[in-house]
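Following the hints, put chain B in place on chain A, whose structure we already have.
These protein sequence lines map, in sequence, to chains A and B.
Taking the working numbering, I'd label the letters of the first sequence as residues 165 to 280.
Taking the working numbering, I'd label the letters of the second sequence as residues 4 to 118.
Hints were generated in silico from the structure; no laboratory data involved.
Incorrect hints may have been included.
To be verified - Cβ-Cβ distance ranges computed for the label pairs, FRET-style:
(1) 280(A) x 41(B): 26 to 34 angstroms
(2) 182(A) x 21(B): 44 to 52 angstroms
(3) 5(B) x 165(A): 35 to 43 angstroms
(4) 215(A) x 15(B): 40 to 48 angstroms
(5) 234(A) x 90(B): 30 to 38 angstroms
(6) 60(B) x 221(A): 27 to 35 angstroms
(7) 209(A) x 58(B): 20 to 28 angstroms
(8) 77(B) x 210(A): 17 to 25 angstroms
(9) 15(B) x 275(A): 24 to 32 angstroms
Predicted model only: the values in this text are computed from it and were never measured.
Where is the CB? At the ideal position from N, CA and C, for every residue including glycine.
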Amino acid sequence: DQQVKQNSPSLSVQEGRISILNCDYTNSMFDYFLWYKKYPAEGPTFLISISSIKDKNEDGRFTVFLNKSAKHLSLHIVPSQPGDSAVYFCAANKEYSGGGADGLTFGKGTHLIIQP
Amino acid sequence: GAGVSQSPRYKVAKRGQDVALRCDPISGHVSLFWYQQALGQGPEFLTYFQNEAQLDKSGLPSDRFFAERPEGSVSTLKIQRTQQEDSAVYLCASTKNSDSIYEQYFGPGTRLTVT
Chain A
165 DQQVKQNSPS LSVQEGRISI LNCDYTNSMF DYFLWYKKYP AEGPTFLISI SSIKDKNEDG
225 RFTVFLNKSA KHLSLHIVPS QPGDSAVYFC AANKEYSGGG ADGLTFGKGT HLIIQP
Chain B
4 GAGVSQSPRY KVAKRGQDVA LRCDPISGHV SLFWYQQALG QGPEFLTYFQ NEAQLDKSGL
64 PSDRFFAERP EGSVSTLKIQ RTQQEDSAVY LCASTKNSDS IYEQYFGPGT RLTVT
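Only chain A is shown next, with the shape it has when bound in the complex (with noise of 0.2 angstroms):
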């Protein structure tokens, strides 16, 4: 069962304009999330990352939002631009699990493209 979701496969978004890629959780245990971009055939590279004790986190153009209650967060892009286009892919994992770091747990990912 996908831990985590991401309902959408690919979003177009025109240039200039907000992206918002979504992404849900079902497990309580995560309190650490994080955005990926993924150009093909490389790996994945950190983009923003968001701690359950906050609800917001900007990073220029990037934001993450963080609703608890409703397992749910999204990372705006304004305004996107071109080389946004890429695979996003959202990931969680436990802040602090004790017996050292945990892998990640993923979403799908979802396709951006930006449209000129």
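Quick look at chain B alone, frame taken from chain A:
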């Protein structure tokens, strides 16, 4: 190098062959992870090392999969008697310490095709 490197980048194996995939993490990074990414899916956790100790191998799909990191730096993922369902991209990631809160840095992956 500055990032995580993996070799080979592409590997074609006939069913039943053994393969070995190499990962060079960022220098000094304590934690190392292996993931498997099937086509159209997100990466799925396979195993985790803290230095040379394999602390979690719960994601390894079968006993044909074996990973090691004998000196706490380079790691090798070995797959014995490959099957078609092993075809995937194998990603390696590292973090500088053992806390979960630090983002993982990924290598480019090895694309394994089993024919």
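Hints versus structure:
As the Cβ distance of residue 280(A) to residue 41(B) is approximately 32 angstroms, the hint placing it in 26 to 34 angstroms holds. Checked against the hint of 44 to 52 angstroms, the pair residue 182(A) and residue 21(B) passes, with Cβ atoms roughly 49 angstroms apart. Separation of residue 5(B) from residue 165(A) is about 38 angstroms and conforms to the stated range, judged on CB atoms against 35 to 43 angstroms. Taken as a hint, the range 40 to 48 angstroms holds for the pair residue 215(A) and residue 15(B), whose Cβ atoms sit roughly 42 angstroms apart.
A beta carbon spacing of about 37 angstroms between residue 234(A) and residue 90(B) agrees with the range 30 to 38 angstroms that was offered as a hint. Our hint of 27 to 35 angstroms for residue 60(B) and residue 221(A) holds, since their Cβ atoms are close to 32 angstroms apart. With their beta carbons about 25 angstroms apart, residue 209(A) and residue 58(B) fall inside the hinted range of 20 to 28 angstroms. Judged by the Cβ atoms, the range 17 to 25 angstroms given for residue 77(B) and residue 210(A) holds: they are separated by roughly 22 angstroms.
Checked against the hint of 24 to 32 angstroms, the pair residue 15(B) and residue 275(A) passes, with Cβ atoms roughly 26 angstroms apart.
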